[in-house]
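Undergrad: Throw the hints in and build the complete structure from the sequences for me.
Chains as they are written, first to last, in the UniProt record's numbering: chain R, 1 to 172; chain Y, 1 to 947.
Take the hints with a grain of salt, since some may be wrong.
[What the hints assert, rightly or not] Facing chain Y, a subset of chain R residues (Cβ under 10 angstroms, in silico): (1) Arg14; (2) Trp18; (3) Tyr19; (4) Asn75; (5) Ile103; (6) Tyr110; (7) Glu121; (8) Gln123; (9) Lys127; (10) Asp138.
None of these hints come from the bench; they were simulated from the model.
Fair warning: this is a prediction, and the values are worked out from it, not measured in the lab.
Note that the Cβ used here is the ideal one computed from N, Cα and C, for glycine as well.
Below, each chain spelled out in residue letters.
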Amino acid sequence: MQFMLLFSRQGKLRLQKWYVPLSDKERKKISRDLVQTILARKPKMCSFLEWRDLKIVYKRYASLYFCCAVEDQDNELITLEIIHRYVELLDKYFGSVCELDIIFNFEKAYFILDEFLLGGEAQETSKKNVLKAIEQADLLQEVRIFLYHQVAEPIREIDCQLDSSWSRAATK
Amino acid sequence: MPAVSKGDGMRGLAVFISDIRNCKSKEAEIKRINKELANIRSKFKGDKALDGYSKKKYVCKLLFIFLLGHDIDFGHMEAVNLLSSNKYTEKQIGYLFISVLVNSNSELIRLINNAIKNDLSSRNPTFMCLALHCIANVGSREMAEAFASEIPRILVAGDTMDSVKQSAALCLLRLYKTSPDLVLMGEWTSRVVHLLNDQHMGVVTAAISLITCLSQKNPDEFKTCVSLAVSRLSRIVSSASTDLQDYTYYFVPAPWLSCKLLRLLQCYPPPEDGAVKGRLVECLETILNKAQEPPKSKKVQHSNAKNAILFEAISLIIHYDSEPNLLVRACNQLGQFLQHRETNLRYLALESMCTLASSEFSHEAVKTHIETVINALKTERDVSVRQRAADLLYAMCDRSNAKQIVAEMLSYLETADYSIREEMVLKVAILAEKYAVDYSWYVDTILNLIRIAGDYVSEEVWYRVIQIVINRDDVQGYAAKTVFEALQAPACHENMVKVGGYILGEFGNLIAGDPRSSPLVQFNLLHSKFHLCSVPTRALLLSAYIKFINLFPETKATIQEVLRCDSQIRNSDVELQQRAVEYLKLSSIASTDVLATVLEEMPPFPERESSILAKLKKKKGPGAVSVTELEDSKREGGELNGGGDRGQDTATMAASNASTPSPSADLLGIRSTAPLGAAPASAGSLLVDVFSEAGPTAPSAAVNDDGFLRFVCKNNGVLFENQLLQIGIKSEYRQNLGRMYLFYGNKTSVQFASFTTTVSCPGELQSQLNVQTKPVEPLVEGGAQIQQVLNIECLTDFSDAPLLNIKFRYGGALQNLTLKLPVTINKFFQPTEMTSHDFFQRWKQLSQPQQEAQKIFKANNSMDTEVLKAKLLGLGTALLDNVDPNPENYVCAGVIQTKSQQVGCLLRLEPNAQAQVQHTDSPERVSHNYSSIPNFLHYLSPYSVNI
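TA: Printed below as a string of structure tokens:
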């Protein structure tokens, strides 16, 4: 995998992970182009597209788009499930993840990703093991993170019904 | 639930993020950020030492600001300080900052590396993982230098925790990708391979990515992984869905690992060991069987994971291309997917079938799905799926279905997405030419193409139709009639006017008998378009007009009048004005005979590679693979995949052209002339001095081959020179054909009499090489030069060289001289570009003794890189950069084109500078049982002596 981007329906980048060396300028250009391309696509279109010499695999979960760029010989479907597994991990970790969790706890989103994918390759695909690693780290923390979906502040809880594959059943 | 609970984390950070989110405008956001930056800066600069928590908080804020897209130019030092904190979260934030905002500040890198070193040796697995993640995220050269030797040790050490092993494996992979020269597995190789046997599935999952990458570069060293991978795969495939516990994903056992295993196997040819192969085939069959079973879950994740494995298995089956049964089953399975309700599956099935279409075993099976694919082209709502369908139609096209496919593609073109029109046009043009049985169909197709998508018809396309019409007299009348009709349309594309102008100018006479298309009608029709056209088209039309004057004298007055008017003869465009003036003058003063000679019909164009193909090759895209494929079969004159005797390698080698256009793809298809740099011929002691040796009765019959070797890597130069005679050579080769110009120069002031030259192919060369020439003039005046042309056709591989015998009388003495003509097998090389992966994969496949040759020889002079490169290019192969992991080595690839077959050749030259320029020329790999390759190397070695 060459990079992974998370962005909102409004086109705001929520997470970016680059597994190939690129200058800041190139990264910005790529993100801008891709966000535009993907937001322009209609809901029922296929999750894969050719873009430059890469294959883009993307999927929308409620208000967030998850987008991975893989190389020609890489497997699209398994990449799609990498996205899903990452969503499951976030979901399990945050209880029931929403976009705001990722905004306010962005560093956690990065840490979880690092436990799951490293250098663009799956490092550990067992959900239990990834979460165990993160939880161990959390036990070392002196303070706890703040979970947004559990407080009464004005938060737009994302509509999980939007996408049936935003599955929580499997995460129990 | 996770081990997190409500708390007041980094309260300040949360407040800041909230503030940013509440900003109503970009300006407000920037203002808020600047305020925060000023605050952080003052905190960092303040006298009061910050505690770890504050430092962490501010560094985290900086990170957030950076991720919002703003520049951050400070805080790096504070982040580095965090790395040495004992508190995990502080360390973690420090590493995250470094990973995201790596700065090549050397001072900082040293500090970062120190912190990493400490953590790596801390024996605390969480710290070690953090450090490894950081290296993997940054992956810089400096880090590779510092840690590339340390990490393999961590990876294979017996007491390393599993999670650390996983990180170490992928960390090493990242370093290997950035700095392959620094990551040397050496002694660790076998232990790394054996990680495939590790009990921990996560370790295997991580390690296999590393092993796959290393195998691509060093297939030989890692080949033991094949049997391990097969047995691992077999265990997973046959396991029940619950066996693998948490590695089962939606009832699919270990999908990621399965895909990676199948991917690793694609780095190698089918296993040689019968038992291993049998087990693998069993696995593949099981995977295909499972695809037919009812799903264990309705969730899309279940079917995606299952099908991910299936597609990867199909890729492996296609890669092997040796199991007809599996190929056909794969094709049937994909056929089912073509009508699946999931768009994703339809897309992937179309994509995967494209590669199946190029296998001789499954081409026919793919063809049975033509209706479905055409339907997809018409009805798919997603343009990327339609594009795949168009690619597949192109790939499955052969003589039997060309008309249908071309018609469908043409009609699709009318509504096609703008972004893909040009490529579609090229593809239609290529198919139309390739499968044209009657050329009237071809002409119709191209004119339709211009009518439908004129803007996307590049010059190459309309040049090509003209070339073909000119070369084939059976289609000229039809072409003239058709363009005449096409031009009747009130609005026609400028490209149509160009083609029309050219064709009517050449062949308008063929339809002039019909009063409806009489010369004047033709002229008026063309001229009615004139004013709407651009300058180049007008220039072309003016030329058509003067051709009309020659073809139809009755139009002369009308046309002269047109030329004479101010808008032509005083046109502000120099080119147009010049043409008008010159044509007017030409038509007024030249006699009909002169006019007829000057304006004679265009001679046939030399047959050459279609420039359209070259153009499509330059365009990237999945279809491009099949382009070269088509081109290959075209050379054989057979149908797609019809050529049974074509080496599989040649095909795949050519296919790898697709990603990078080969240098031979230039428009003219002429090889670049060999680089200079070889020593010029010196008429020195090396050469046989015919004059001094040859008495009147003692002709020197010995074959002189000193000049010969210098031409192995070049095509032009002086072959022979003595005091009487100089023989120069100019030659060019294309595919299996060559043309050689010999220049005989009389260096004396006296005439050579009875000058005769004979070219002969001794022994079996007669059946291998076809050389044709015409006799030369028997008299060569003093100081004069005469020329002789040889047409050479390579029928099959050969090792001897043709002989050139020259006899003449100089001052009464008979001179007799025999030279070897420098026609060597490498002249028929077509360079082939390929990636490192492809190269070594093929290299690996060619392992039989008769497929390789190796030679070690000494170079006389120091090895200059540029000179060596020039020599290797001159050999005719493509010199591949960044292929061999050792940058000292040279790696080349090419396809030798003979009439009977094409043979892919791979070459590695390993200079050994230490051992006093001892060259090891490692195996010359050929894809056929190709006995004369050692001979070819024999040429190589003396030439290297010349280096």
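Undergrad: Evaluate each hint against the coordinates.
TA: Hints versus structure:
1. Interface restraint check for R:Arg14: the shortest CB-CB distance to chain Y comes to about 9 angstroms, inside 10 angstroms, so the restraint holds.
2. Proximity of R:Trp18 to chain Y holds as hinted, the smallest CB-CB distance being about 9 angstroms (cut-off 10 angstroms).
3. At a threshold of 10 angstroms, the smallest CB-CB gap from R:Tyr19 to chain Y is about 8 angstroms, leaving the interface hint in force.
4. Because the smallest distance between the Cβ of R:Asn75 and any Cβ of chain Y comes to about 5 angstroms, under 10 angstroms, the interface hint for this residue holds.
5. Of the supplied interface hints, the one on R:Ile103 holds, with its beta-carbon coming within about 6 angstroms of a beta-carbon of chain Y, less than 10 angstroms.
6. Hint status for R:Tyr110 relative to chain Y: holds, with the closest Cβ pair at about 6 angstroms, below 10 angstroms.
7. Taking 10 angstroms as the C-beta cut-off, the interface hint given for R:Glu121 holds, the closest approach to chain Y being about 4 angstroms.
8. Interface hint status for R:Gln123: upheld, as the beta-carbon distance to the closest one in chain Y is roughly 5 angstroms, under 10 angstroms.
9. A least Cβ separation of about 6 angstroms between R:Lys127 and chain Y falls short of the 10 angstroms threshold, and the interface hint therefore holds.
10. For R:Asp138, the interface hint holds, the least distance from its beta-carbon to any beta-carbon of chain Y being 5 angstroms, beneath 10 angstroms.
In terms of the numbered hints stated before, the structure departs from none.
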